[in-house]
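Trainee: Sequence:
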Amino acid sequence: MDSSTNTKYSMKGKIALLVGIVTCFIIATVVGLSLHFLKKAPPGVIPKTVQYGVIIGCGKDDVDEEHCITIGCVWIDWAEHKAPKCVYKEDTGYTVIGDIQHNGNTYTASLRRKGLSKVFDQDVHEMMKVEVEMYNDYALRIHFYPRNSTDVFEIPDEALKMNKPTKATDSRYKYHVTFTTEPYFGIQVIRNSTGAVIFNTTLPGLLFAEQFIQISTKLPSDNIYGFGEHNHRRFRHDMNWKLWPIFTRDVAPIDEWNLYGAHPVYMNLENDGNANMVFLKNSNAMDILLQPNPYPAITYRTIGGVLDFYIFLGPTPQMALQQYTEAVGRPLMPPYWSLGFQLCKWGYENLSVVEDVVERTKEADFPQDVQWGDIDYMYNKFIFTRNNDTFYGLPEFVDKLHDEGQKYVIIIDPGVGSNDTIYKEAKRINPGYKMYEDGVANNTFITINGSILQGEVWPGQSAFPDFTNLENTLPWWEHYIRYFYYTSGVKFDGLWIDMNEPASFVKGSSVGCAKNKWNYPPYVPHILGGDYDGGSLFDKTICMDAQQKWGKHYDVHSLYGHSMAIVTNKALQNVFPQKRPFVLTRSSFAGTGKYAATWLGDNQSQWRQIPWSIIGWCRHLWILFRSEPQDPAAWGTKFVGIVRQSILIRYKILPYLYTLYHEAHVYGNTVGRSLMFEYPQDKNTWDIDRQFLLGAAFLVTPVMEKGTEVQNTGTTHTLDAPLEIINLHLRGGYILPTQEPDNTTVYSRKRPLGLMVCLDENKNANGNLFWDDGESKDTYTRRNYLQITFNATQGQELSLNVVHSNYAEAKSLYFGIIEIYGLNSLPGELYVTKYAHSTERKGTYVSQRKRLFVFINGNDRSIKMTRTSKRQKHHNDTYKQITEKSKRHTKAKEGNIKKTYKQMTEASKRHVQDNNRTIEAACTRK
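Everything in the sequence shown is counted per the UniProt record's numbering, starting at 1 for the first residue and increasing by one.
FYI, nobody ran anything at the bench for these hints, they're computed from the structure. Mixed in with the good hints, there may be bad ones.
To be verified - With a cut-off of at most 25 Å between alpha-carbon atoms, the simulated DSS-like pairs for lysine-lysine come out as follows:
| hint | residue 1 | residue 2 |
| --- | --- | --- |
| 1 | 242 | 549 |
| 2 | 515 | 118 |
| 3 | 164 | 129 |
| 4 | 381 | 491 |
| 5 | 811 | 777 |
| 6 | 89 | 114 |
| 7 | 161 | 750 |
| 8 | 579 | 491 |
| 9 | 161 | 517 |
| 10 | 164 | 174 |
| 11 | 579 | 381 |
| 12 | 517 | 118 |
| 13 | 579 | 811 |
| 14 | 400 | 517 |
| 15 | 89 | 129 |
| 16 | 362 | 750 |
| 17 | 552 | 540 |
| 18 | 579 | 750 |
| 19 | 60 | 114 |
| 20 | 570 | 164 |
| 21 | 549 | 570 |
| 22 | 552 | 515 |
| 23 | 161 | 552 |
| 24 | 427 | 381 |
Claimed, not checked - Restraint ranges, calculated between C-beta atoms of paired labels, are given here:
| hint | residue 1 | residue 2 | range |
| --- | --- | --- | --- |
| 25 | 149 | 443 | 26 to 34 Å |
| 26 | 797 | 608 | 45 to 53 Å |
| 27 | 441 | 363 | 43 to 51 Å |
Quick reminder that beta carbons are idealized off the backbone N, C-alpha and C, glycines included.
Take the sequences, apply the hints, and build the full model.
Mentor: Laid out in structure tokens, this is it:
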């Protein structure tokens, strides 16, 4: 053997020794991290999965050691007191029978029960089937269901038909799927580009019984967002054995209990910044248990249905959400007016009070687009009726609102009053009203044991429409929408559907609920009121054994608000076929956004609730004031000035917001978003939930506590934030379309448009505008719209390019002022052209507080600037602050832009000229 051979084998020996040392170190570290949970445990019985950190609880919370062993599980006394002490044995789950079948893009496996045969005194299904369908390069479905059972509930397509992406060939997949067959069956979904295992059920404890289903999945990281609806304290979940129940419930969002909606979907941000989303298509009551690092995991426990998972691989957070909304349905396109300022209160005693509120708002010089009507307008809270004593003249009031460019939205609850005495009086006061008896005749109400279930809501004794029975309920619901609009003469513009969890003021029904497995299931998730009478599901709602078209209320309870939104949306489309339906719902499910908007419920307007509300802001851009009395004009002069400034800023950026809603409707983009969505590679953003973005370019940092901090390119800054200031920042590289505010969107839409050009470090920026009539249906698919892109290049040229123009009224639009941020120097000369290759002319501009204001004419399409040696201070921040203290606007200095308010019509006498009032963040014409 020569010297070179000796050297070669010597190196191999050293490498082998090094590998051995490293391997031993890794094993020791893993075992150390895993066993740090352990306090004491009987030798030889710890499941292998537990040895490696994943803990799958067995039994109920209060199970003791003796009972744990009796039901066939293992008791382990953990040092970590929150971890379940009763865990499943290694052999609990299912194993594969025969081979896993592969046909095209689908894998199919038959499974046989292994280990426990009973759970919570129920038989565990012996035979199961699982199908893995790989849709395309970013989406797949994993579907577990009993092999020999035909009566298992699955959400019907009429409720939620998943839009399946186009099939793909194997070469396009950005993931692959592997299977584990021993000691129990498991599935792993692995991202090809990084090797991250984004979904992994290779754990014991997969159980499938009639009323108890459990599955756990390991996660690639502990960055979990989503699940709902709850009052989450933070956007990124606390994974320290946190449990979240899902079951729709009428309760104010002041604690961490289950709330109005049901959304069993989460986003997982992987440690490298890639994102995935997982949706469980299951509407039954469930618990979600989160397990912390070093082995993050999720355990699902649901009490019915099937395990029907849809997985979306992004890889960016925005792309993952786009894929999810493509599957469940894109959010509806709102009417333009619904983005304006709106007022609502429960407790308007009579119409005079409402009229005073509207007039007070005008006198305070606030824009107001919508006045809402809560249940006060009804006769004895009977829906689709009017109280002619306290709200006499309501039709005329609504007509007057319309004359002044405003809208009126009414509340409608599902409960139909059925008390015979009150019902007769309601019919006398409202001629032609026969809602309850028509509902009985048309079989529209939920039944129990063959009779109409009677609960109690605002009208007193009430029946509940079965909105899952579209064939019967839709014509009846539509009829009474028409009745209130035409016969009662209240020409409302939208419907606000409330109390649709559904809520009832008595438990179950007026006669209670039967003692059966539906009302008292063997396992009750940790829902509010679930401990009633030893464990039940009907606290503040109706009995679970009530019957609906889609199934027992037990299975479809959390779909009630969703089904009401579907019927209300379809009815409004039938009544007003040319207009977009505006529906606002309190209860929702996955896919409800296709039919209705939602709001965050009945909070108490407390300081502590402000940061909580930001967590849910992506579903909430409607401003409703519902307390006593909280319309802004009812407060002092200083407060009025602060609110006015904020509202005017909102109105100024409405074209930008409307464009964002268009992109949400068409592409599934978010309107409100966390910083994590825009900067997933920056770990500093993963926890930020005290700020948020509108689109990609508009950062909002509200005042919630002393010493508010903001993030800027990885650094933290403390900003001056007095009460009258909300810190708003623009992002470099973006162009935002704006418009001069007016008293309503009807009139602001007739005013000049503008641009806020925010140059990046290279002095470039881009943006776009979507514009249509703001209320017609399907303008995008019918191509009746205007679309413009904006491009700023190297700080020298700004162009406006019409991409699509098929909206005739847009011809009257023109651009007035363009604000440019981020120039290092003032231009020497400025030239403007109307069309390509047309003659240039000199333009005019002024400089004010680090901004350049350019004045152009209606048809101008391009701006060119020449350089000059005159320097300004260099501004290289990614975000440019656009709000300053209002006291700086009291003097009109040379070159300043004064804000004036002009009346658009004689009927709109709401803004008076005030040359002393200038609001820089809402500045408009010279």
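Trainee: Each of the hints needs a verdict: does it hold here or not?
Mentor: So, going through the hints one by one against the coordinates:
1. 242 / 549: violated (35 Å)
2. 515 / 118: holds (22 Å)
3. 164 / 129: holds (21 Å)
4. 381 / 491: Satisfied, since the Cα-Cα distance of roughly 19 Å is no more than 25 Å.
5. 811 / 777: At roughly 21 Å apart (the allowed maximum being 25 Å), residue 777 and residue 811 satisfy the hint.
6. 89 / 114: holds (11 Å)
7. 161 / 750: Cα-Cα ~40 Å, so violated.
8. 579 / 491: Satisfied, since the Cα-Cα distance of roughly 14 Å is no more than 25 Å.
9. 161 / 517: violated (29 Å)
10. 164 / 174: Holds, at about 17 Å.
11. 579 / 381: Judged against 25 Å, a Cα distance of about 28 Å means the pair is violated.
12. 517 / 118: At roughly 16 Å apart (the allowed maximum being 25 Å), residue 118 and residue 517 satisfy the hint.
13. 579 / 811: Holds, at about 22 Å.
14. 400 / 517: violated (55 Å)
15. 89 / 129: At roughly 22 Å apart (the allowed maximum being 25 Å), residue 129 and residue 89 satisfy the hint.
16. 362 / 750: Status holds; Cα separation ~19 Å.
17. 552 / 540: holds (17 Å)
18. 579 / 750: With Cα atoms ~20 Å apart, residue 579 and residue 750 stay inside 25 Å; holds.
19. 60 / 114: Given that 25 Å is the threshold and the Cα spacing comes to 21 Å, the pair holds.
20. 570 / 164: With a Cα-Cα distance of about 23 Å, the restraint between residue 570 and residue 164 holds, given a limit of 25 Å.
21. 549 / 570: holds (18 Å)
22. 552 / 515: Holds: residue 552 and residue 515 sit about 15 Å apart, inside 25 Å.
23. 161 / 552: With a Cα-Cα distance of about 20 Å, the restraint between residue 161 and residue 552 holds, given a limit of 25 Å.
24. 427 / 381: holds (13 Å)
25. 149 / 443: 26 to 34 Å: holds (29 Å)
26. 797 / 608: 45 to 53 Å: Given about 49 Å between the Cβ atoms, the range holds.
27. 441 / 363: 43 to 51 Å: holds (50 Å)
Comparing the model with each earlier hint shows violations of hints 1, 7, 9, 11, 14; every other hint is respected.
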